[in-house]
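K.L.:
Sequence:
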Amino acid sequence: MAAFEKKVKNFIEEQQLIEEGDRLLIACSGGVDSMGLVHFFIHFRKHWKVDLYVAHVDHMLRGEVSYEDRLFVERFCKENNLPVFSTSIPIPAILEKEGGNSQAICRRERYAYFDEIMKQHNINKLVTAHHADDQLETMLMSLARAGSVNGFKGIAAKRPFSVGMVIRPFLAVTKEEIKEYLEEKGGTFREDASNLKDDYTRNRFRHHIIPLLKKENSQVAIHAAELAQNLQQDDECLNELAESRFSSVVEKAGDRFVLHIRQFLKEPLALQRRIILILLNYLYHHLDGKNFAISSKIMDLCKSQEGNAMIYLPEPYIAARSYDIISFFKLRTSKKEEPQTIEIGKWHDFNGFRLYIEKLPHDVSVQNEAIAYFFNASTIAFPLRVRTRKERDRIQLKGMQDPKRLSRLFIDEKIPLIERDGWPILVDSNDEILAVLGVRVNHRFSKTRRMDDDMVMFIEKISDNK
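If you use this note's numbering, the sequence shown corresponds to residues 12 to 477, in order.
Be careful, since some hints might not be right.
[As the list claims (entries may be wrong)] In silico lysine to aspartate or glutamate, EDC-like type, Cα no more than 16 Å apart, as pairs:
(1) LYS196 <-> GLU16
(2) LYS415 <-> GLU402
(3) LYS341 <-> ASP360
(4) LYS370 <-> ASP463
(5) LYS190 <-> ASP209
(6) LYS186 <-> ASP203
No lab work stands behind these hints: they were computed from the structure.
Please build the complete structure, drawing on both the sequences and the hints.
P.N.:
Shown next as structure tokens:
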């Protein structure tokens, strides 16, 4: 077995890229890399007992020349009895309509076509010809853009795609090795003239930076591939540890996430960043290169546990620190809620709390986890309403001579600043504050029933599973 084939075969087996019976769709542009990939799998398809298919996309960016690439791939597949799927996608027309980055749009449309083929023909793996030089370029480009480990991990040997996976068996070999292998096989390929231009970032790295590195060490691309593989393995292990620690540091509370700063700071820094990235993934699902900058801002927010602070995350979220917790939630409009009149004998929901008021006698044992408060109806002016706070609001608490300002109560109870304006407050018809739901009730209420009490109020915090 040739050294090249042995190296690729070992990499495939180490990374568990192929299983017996796989149906492989090889993405083939007609260039040296993808033609080398097709030749390799023609040679090994009986060894792994796999079914081979080839897919080609003409992006129509080079007119007749790119169409000839399509014909070249189709002719090769016909001569070698390989099923081929090919299409022409009018990228110039799409660019004219949408604008944007041509390479990004080409990739989007190309992979959408691969996805369609895999679904239609029950193909479980897409195979691409990314190699060690591509890995080196990707890592350096990522380093130039930002300093995140996530970006510097480079191209993964496999990842989920469509109805299966995308795999990259050539990551362990260089472009030069692929070219030599194809020549040994007597294979031919098509040159893409656009690869010679410096219009694209990758081409500039390929033409000007990579050659300098290879002058220092001809094996630099292989070293980059090995480094990427080690980083990916280490990162996978650390991510698993972060996942296992996540629930002890972050909790889901209603429509928000709450990070407990004290517990968070006990974790190693490597896990702290990953815990934040897991949290951001819950919020956004995908943020690309913004993750590192956002996580750094959140880390800075955790450096103090005194008072309140807030940062605006990418829309529509806010991170608000209140003492030793940080709440992550969607930014709401500042529109004031209209006061809502309370109907006796009916449950009402208010911003994370439920309220129920009823005449006695009443079976208080059936009210879930609600807290019961008893009161004398003759001491309160009906009807009752729930509103949000006003300037100079005060509540008369039991045992206090003077009413307490709500602004002070919120501080003492460590209610996050961002939540105070929307907090539900129960008042009577004279606008006297009877309760700050879930926080305190005024002096007219008691948790034990007294002789003249004839009504009961239940306040229940709404949990996530309700």
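K.L.:
Look at each hint and say if it fits the structure.
P.N.:
Results of checking the hints against the structure:
1. LYS196 <-> GLU16: holds, 12 Å
2. LYS415 <-> GLU402: holds, 13 Å
3. LYS341 <-> ASP360: Judged against 16 Å, a Cα distance of about 19 Å means the pair is violated.
4. LYS370 <-> ASP463: Status holds; Cα separation ~12 Å.
5. LYS190 <-> ASP209: With a Cα-Cα distance of about 22 Å, the restraint between LYS190 and ASP209 is violated, given a limit of 16 Å.
6. LYS186 <-> ASP203: Distance of about 15 Å is within 16 Å: holds.
Checked against the numbered hints above, the structure violates hints 3 and 5; every other hint is satisfied.
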